[in-house]
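Dock chain B against chain A, hints included.
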Amino acid sequence: MYIWHGAFQSPPTGHVTAGAENRRPDGTVHLAGQSADMRVAVIGAGVIGLSTAQCIYEQFHSTVSPLTIEVYADNFTPLTTSDGAAGLWQPYLYDKGNVQETKWNKETFDYLLSILKSPESVKMGIFLQSGYNICTKPLPDPSFKDIVLGFRCLTDRELQMFPGYSYGWFNTAIMLEGKTYLPWLMDWLHEKGVKFHHRKIESFKELADGGADVIINCTGMRSGELQPDPELKPGRGQIVKVDAPWLKHWMIAHDYKSDGSPYNKPYIIPGSHLVTVGGTFQVGNWSEKNSSIDHKNIWNNACKLEPSLKHARIVEDWTGLRPARSKVRLERETIQSGSTTIEVIHNYGHGGFGLTIHRGCAKEAARLFGQIVEQKGKGPRARL
Amino acid sequence: MFAAQFPDIPLERQRRWFKESFDHLSAIAQSEYASEAGVLLSSGWQIFKEVPANKKPFWTDFVIGFRFMTDHELKRFPDHRFGQAFTTIKCECSSYLPWLEKRFRKAGGQVEQRKVHSLQELSTSYDIIVNCSGLGSKTLVGDPEVYSVRGQVLKVEAPWLKHFIRDGDGKTCIYPGVHSVTIGGTRQEGDWRTHVDEGDTKSILERCKRLEPSLRKAKVLSEWVGLRPSRRNPRVEREVVVLQGRRVPVVHNYGPEGGEGGGCAAGPQGARGPQLRPWGVGSDAGLGYGPGCTGAGQAVSS
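Each protein sequence line maps, in turn, to chains A and B.
Heads up, the first sequence is in the working numbering, so the first residue is 1 and it goes up one at a time.
Heads up, the second sequence is in the working numbering, so the first residue is 1 and it goes up one at a time.
A portion of the hints provided could be inaccurate.
Facing chain B, from chain A, some residues (calculated, C-beta under 8 Å) [claimed, not checked]: (1) S114; (2) L116; (3) P119; (4) V122; (5) L128; (6) R152; (7) M161; (8) K241; (9) P245; (10) S272; (11) P307; (12) K310; (13) W318.
SDA-like, lysine to any residue: derived pairs with alpha carbons at most 25 Å apart [as the list claims (entries may be wrong)]: (14) B:K75 / A:F151; (15) A:K123 / B:L97; (16) B:K171 / B:P57; (17) A:K117 / B:A27; (18) B:K75 / A:L116; (19) B:K49 / A:N171; (20) B:K155 / A:S272; (21) A:K123 / B:K171; (22) A:K296 / B:K217; (23) B:K155 / A:M124; (24) A:K304 / B:E73; (25) B:K56 / A:C153; (26) B:K217 / A:Y111; (27) B:K209 / A:M124; (28) A:K103 / B:E73; (29) A:K145 / B:L97; (30) B:K75 / A:T102; (31) A:K145 / B:F82; (32) A:K106 / B:F77; (33) A:K310 / B:L97; (34) A:K106 / B:T70; (35) B:K75 / A:S118.
For the record, the hints were derived by calculation from the structure and aren't laboratory data.
These numbers were taken from a predicted model, which means no experiment stands behind them.
Heads up, the beta-carbon is just placed ideally off N, CA and C, and yes, glycines get one too.
Only chain A is shown next, with the shape it has when bound in the complex:
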């Protein structure tokens, strides 16, 4: 596990520092004559918030100057939803027509695959793992069949390993462990001058008043507190983390219902140190407390699927709320607040596939940011 050793920003003190500058209401300074500067406030420090901050920096730090990026969150790694996820790159079986999501998933997979050549991959928590998606009846090929490596149907002999299941697929996918990836992202951002604020943001206006030109809303499950969204619901997931290092494949069972809710059948996903055993997908359940009944069901179902688990040492249970939505909300919104306008880019609602889709979404959010830069005349043309 990779620990982030950076520091959070102290709250503003209201000092006036020497020099010819203007002081903003929050105490920070705005250098006179620098009309091309952009201040970006990212709310949320899960995989979505951090990777969006990274993409914006990557694409604009040389053309927008100065570019100030600040991340605000009340939970940082290892306490975010991204930290608890097993870390397997795999979208839901079908995208239900959301072809953009499949595109973003593919961009993310290809990005992670390209990093595998480098020894950095270990520090980022990225590695390959193969495994089995098993079904109780034949299903159409999943959306990710051409994205992953070596996708194929299961042979009869393989299906014999899973009594009760009659169909399925085998492929090699990528693992991206949040507990390692998030600290790596924080270090990367910290090195580039991005600041982190450990506090809960109560409204977009709060940040706009503080001088933010653009607000990126990556608040996942609790986006509804900043702006009500009836489409956003918790998809409660409880997992059991166990020590079973002889397991080298992931296995995910599917019982495909018309509403497409995945992950309420057993799944077993080995990580770099522990194995994640699940699962549940309880829509509307806001409880972040571990349930003994869920533990029992998860454990019994998983042991039926993988008898050797009987001898695995149980380490701990964890519960997270997937920010479930009919589709990802990734769009701009210009909010009127009195006489001013607040530019917001929403990037939330990634359900159980945040790690899977993060890079594609971050790049799209950066593209939307670019539109705002152009509109405000702060792009390279402003320099001429």
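Okay, now just chain B, sitting in the frame of chain A:
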């Protein structure tokens, strides 16, 4: 487990040995005993710098999900032009042997640790002798065909590695195990040295890191040398030997190359004939005689 074809043994018999071994271990891997026995399913790739003459060796039916690698998969190995992907079994003898011995003793078997210098020492105490002495057969039964193929490996800490990678030349391999990853190796024919060779260590690390760059972040835990008991063909046959006036049947079962030894573990039981009941998982039969093989083996840890 990787199977080489033995030149003078009928292919059908070899196929049977490898298939039985694979199925036997596969059943353990899928049972609750998997972790204690150190037997696990392992998927991965065997890759070739040059396209081999035989792209589909005889064992492709025994392993699981055998297919050729796609171009997308081969991109990770720019030095290699062809590859096979499949799921096989890893059998970790450091766990498997103690597990077998535990079951053997539980079934009434007896184990005596001592070096047997000649079959004469056993002639008056036993009705049947089964000779599994590997390299030791050279001196124990005077077999001139037995020779050593030296193999050095390293054990590294790289728990993020979940696939095996093996170069088709047989010399470079990465095998993730339960608690560590074994990387290798060497094939030095006629080399009987059991101590670690620093030059080999360097070469192994270089070759494996080339295949799997993330190994640069892996800590080396230990180095080990083993001598594969090699022979043109494994010796699996019966003979009757006269020992101190008694005619004693001897069953020989040695000589599959160390790397492929696992492939023959369960196989040749049939060759022993009706006097012995096969002993394995699920069977309650014990083999009620002292093995002629403990203590005569030559594999040593450094």
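Evaluation of the provided hints:
1. Annotation: A:S114 was flagged as interfacial toward chain B, and the flag is violated, the nearest CB pair being 10 Å apart, outside 8 Å.
2. With a cut of 8 Å, the hint placing A:L116 at the interface with chain B holds, because the nearest CB-to-CB distance is about 7 Å.
3. Interface restraint check for A:P119: the shortest CB-CB distance to chain B comes to about 4 Å, inside 8 Å, so the restraint holds.
4. Annotation: A:V122 was flagged as interfacial toward chain B, and the flag holds, the nearest CB pair being 4 Å apart, inside 8 Å.
5. Evaluation of the A:L128 hint against chain B yields a held restraint, the C-beta minimum of about 6 Å falling below 8 Å.
6. Because the beta carbon of A:R152 sits about 7 Å from the nearest beta carbon in chain B, less than 8 Å, this interface hint is met.
7. Look at A:M161: its Cβ gets to within about 6 Å of chain B, closer than 8 Å, so that hint holds up.
8. Using the Cβ-Cβ criterion of 8 Å, the hint placing A:K241 at the interface with chain B is not satisfied: the shortest such distance is roughly 14 Å.
9. Hint status for A:P245 relative to chain B: holds, with the closest Cβ pair at about 5 Å, below 8 Å.
10. With a cut of 8 Å, the hint placing A:S272 at the interface with chain B holds, because the nearest CB-to-CB distance is about 4 Å.
11. Against a cut-off of 8 Å between C-beta atoms, the interface hint on A:P307 holds, since the closest Cβ of chain B lies about 4 Å away.
12. Annotation: A:K310 was flagged as interfacial toward chain B, and the flag holds, the nearest CB pair being 5 Å apart, inside 8 Å.
13. With its C-beta approaching chain B no nearer than about 20 Å, A:W318 sits outside the 8 Å limit, and its interface hint is violated.
14. Note on B:K75 and A:F151: the hinted pairing holds, with a Cα-Cα distance of about 16 Å set against a maximum of 25 Å.
15. Restraint check for A:K123 and B:L97: the C-alpha separation of about 36 Å exceeds 25 Å, so the hint is violated.
16. Between B:K171 and B:P57, the direct Cα distance comes to roughly 18 Å. Compliance with the 25 Å bound is thereby established for this hinted pair.
17. Of the supplied pair hints, the one linking A:K117 and B:A27 is violated, its CA atoms being roughly 36 Å apart against a limit of 25 Å.
18. Simply put, B:K75 and A:L116 have alpha-carbon atoms about 11 Å apart, close enough for the 25 Å limit, and the pair holds.
19. Between the alpha carbons of B:K49 and A:N171 the distance comes to roughly 24 Å, so the proposed pair stays at or under 25 Å and holds.
20. Between B:K155 and A:S272, the direct Cα distance comes to roughly 17 Å. Compliance with the 25 Å bound is thereby established for this hinted pair.
21. For a cut-off of 25 Å, the pair hint linking A:K123 to B:K171 is broken: about 29 Å separates their Cα positions.
22. A hinted pair counts as satisfied when its Cα atoms are at most 25 Å apart, and A:K296 with B:K217 does not qualify at roughly 38 Å.
23. Between B:K155 and A:M124, the direct Cα distance comes to roughly 23 Å. Compliance with the 25 Å bound is thereby established for this hinted pair.
24. Note on A:K304 and B:E73: the hinted pairing is violated, with a Cα-Cα distance of about 32 Å set against a maximum of 25 Å.
25. For the hint pairing B:K56 with A:C153, the CA-to-CA distance comes to about 20 Å; that is within 25 Å, so the pair holds.
26. Restraint check for B:K217 and A:Y111: satisfied, since their Cα atoms lie roughly 21 Å apart, inside the 25 Å limit.
27. For the hint pairing B:K209 with A:M124, the CA-to-CA distance comes to about 18 Å; that is within 25 Å, so the pair holds.
28. Of the supplied pair hints, the one linking A:K103 and B:E73 holds, its CA atoms being roughly 20 Å apart against a limit of 25 Å.
29. Using a Cα cut-off of 25 Å, the hinted pair A:K145 and B:L97 is violated, with the two alpha carbons roughly 41 Å apart.
30. With a C-alpha separation of about 23 Å, the suggested pair B:K75 and A:T102 falls inside the 25 Å cut-off, and the hint holds.
31. For the given pair, A:K145 sits about 22 Å from B:F82 by alpha-carbon distance, which is consistent with the 25 Å threshold.
32. About 21 Å separates the Cα atoms of A:K106 and B:F77, which keeps this hinted pair within 25 Å; it holds.
33. With a CA separation close to 21 Å, the supplied pair A:K310 and B:L97 stays within the 25 Å bound.
34. This hinted pair checks out: A:K106 and B:T70 have alpha carbons roughly 18 Å apart, not beyond 25 Å.
35. Under the criterion of a C-alpha separation no larger than 25 Å, the hint pairing B:K75 with A:S118 is consistent with the structure, at around 14 Å.
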